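Asker: Sequence:
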Amino acid sequence: MSGNRETAVSLRAARHVAHPAAWWGWALLLATAAGRTANPWLLLLIVAVAGLVVTWCRGDEPWSGAYRVFLFIGLSAIAVRMAFYMVFGGSDGPTVLFSLPSATLPAWAAGFRLGGDVTAEGALAAAYDGLRLATLLVCVGAANALASPRRLLRSVPAALYEVSVAVVVALSVAPQLVASVGRVRRARALRGNTSRSPANLMRTVVSPVLHDALDRSLALAAAMASRGYGRAAGIPAPARRATGASLLIGLLGLCAGAYALLSAATPAPLAWAAVACGAAVAVFGIAFASKRVPHTRYRPDRFGARDWAIVASGAAAVAGTILSGVFEPAALWPATNPLSVPELPMWAAGGILLATAPALLAPSSRGGTP
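First residue of the sequence shown? That's 991 in the numbering used here, and the numbers climb one at a time after it.
Everything labelled a hint here was simulated from the structure, so no lab data went into it. Remember, predicted model here, so these are calculated numbers, not experimental data. Virtual Cβ for every residue (Gly too), placed ideally from N, Cα, C. Wrong hints could be hidden among the right ones.
Cβ-Cβ distance ranges computed for the label pairs, FRET-style [to be verified]:
(1) Leu1065 - Thr1045: 15 to 23 Å
(2) Ala1263 - Pro1353: 32 to 40 Å
(3) Leu1350 - Ser1330: 34 to 42 Å
(4) Pro1259 - Pro1353: 34 to 42 Å
(5) Pro1353 - Arg1175: 24 to 32 Å
(6) Phe1088 - Ala1038: 25 to 33 Å
Kindly produce the complete structure, drawing on both the sequences and the hints.
Answerer: Written out as structure tokens, the structure reads:
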């Protein structure tokens, strides 16, 4: 009886939490807005918005600490980008900060260098690029911290059940990695192991964490497989090939449209048309295949008005960057030569601030009022 009562309580609590697909949509739209600009003020504002929403809306699940991990990964990406600029060169300028020993490269490697002058203009351009990559990683980390991978898998269309075992491993490795780090750190503290040498950390932290996270993900995948997930349904070969082709074409169209949206050289109407066509083909393939896969669903996870509002708040950030691209395009891509303080595009900033709406729409008992 106690187990049934706990299950009922968890199901009621899940209804008060936003749909995981809404969180992923919100985060990916924020990432799209970040990919359409190199303005450091906008990128830092997106990081702040994502951090605020995660603080107010995350729960106590093992994956709720993923945001901090992705934040550290983003800082590492900035450092790596700066190191690549200092070693291999890039944008240059007249303001030389310091010089490194240089090496002459052959003619076929024109445009690259090893060492040489490190300029303030080039370092600033590299920092902008690294900050943009870090912002994209932070948006993904926010989605991992807010969206429940189990609830997301419950919403997987029937046509994709054959790959759900692989999906659950991919989606659960990062959250399980975060939880494993906490368990290993507590175990080290209880044993009195405070050594921070690289060899000791590799033996007592890194190896156990990776082993435990992968083992838990594979155990979850095995449990799903034993319950019928990933089963092969009796679908005729021609229908299966047509469905697979439509899904592949649709996903390729989505990828091409997403790349076009992130590129400033592609006209916005053409990019959105590619995204719309790819999404339409993918939806058709999923809907057609889902009708041929018989399965039942207990208490389906509904996508309600609040979930649509969360997605709309993320779309407001993209709309703001599009409007800024029309009315103030120079502010989205600030020049680094000559050195100057970049301006803040007001349309884009307003749209990004609207993306904080989930903090009011879906606060958790941990961050805000339940």
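Asker: Give a verdict on every hint.
Answerer: Outcome of the hint check:
Between Leu1065 and Thr1045 the Cβ separation comes to about 18 Å, which falls inside the hinted range of 15 to 23 Å. For Ala1263 paired with Pro1353, a C-beta distance near 37 Å keeps the hint of 32 to 40 Å intact. Checked against the given bound of 34 to 42 Å, the beta carbons of Leu1350 and Ser1330, roughly 36 Å apart, stay inside it. A hinted range of 34 to 42 Å holds for the C-beta pair Pro1259 and Pro1353, which are about 37 Å apart.
For Pro1353 paired with Arg1175, a C-beta distance near 29 Å keeps the hint of 24 to 32 Å intact. Hint check: Phe1088 to Ala1038, Cβ distance near 32 Å, so the stated range 25 to 33 Å holds.
Consistency with the previously given hints is maintained throughout, with no hint failing.
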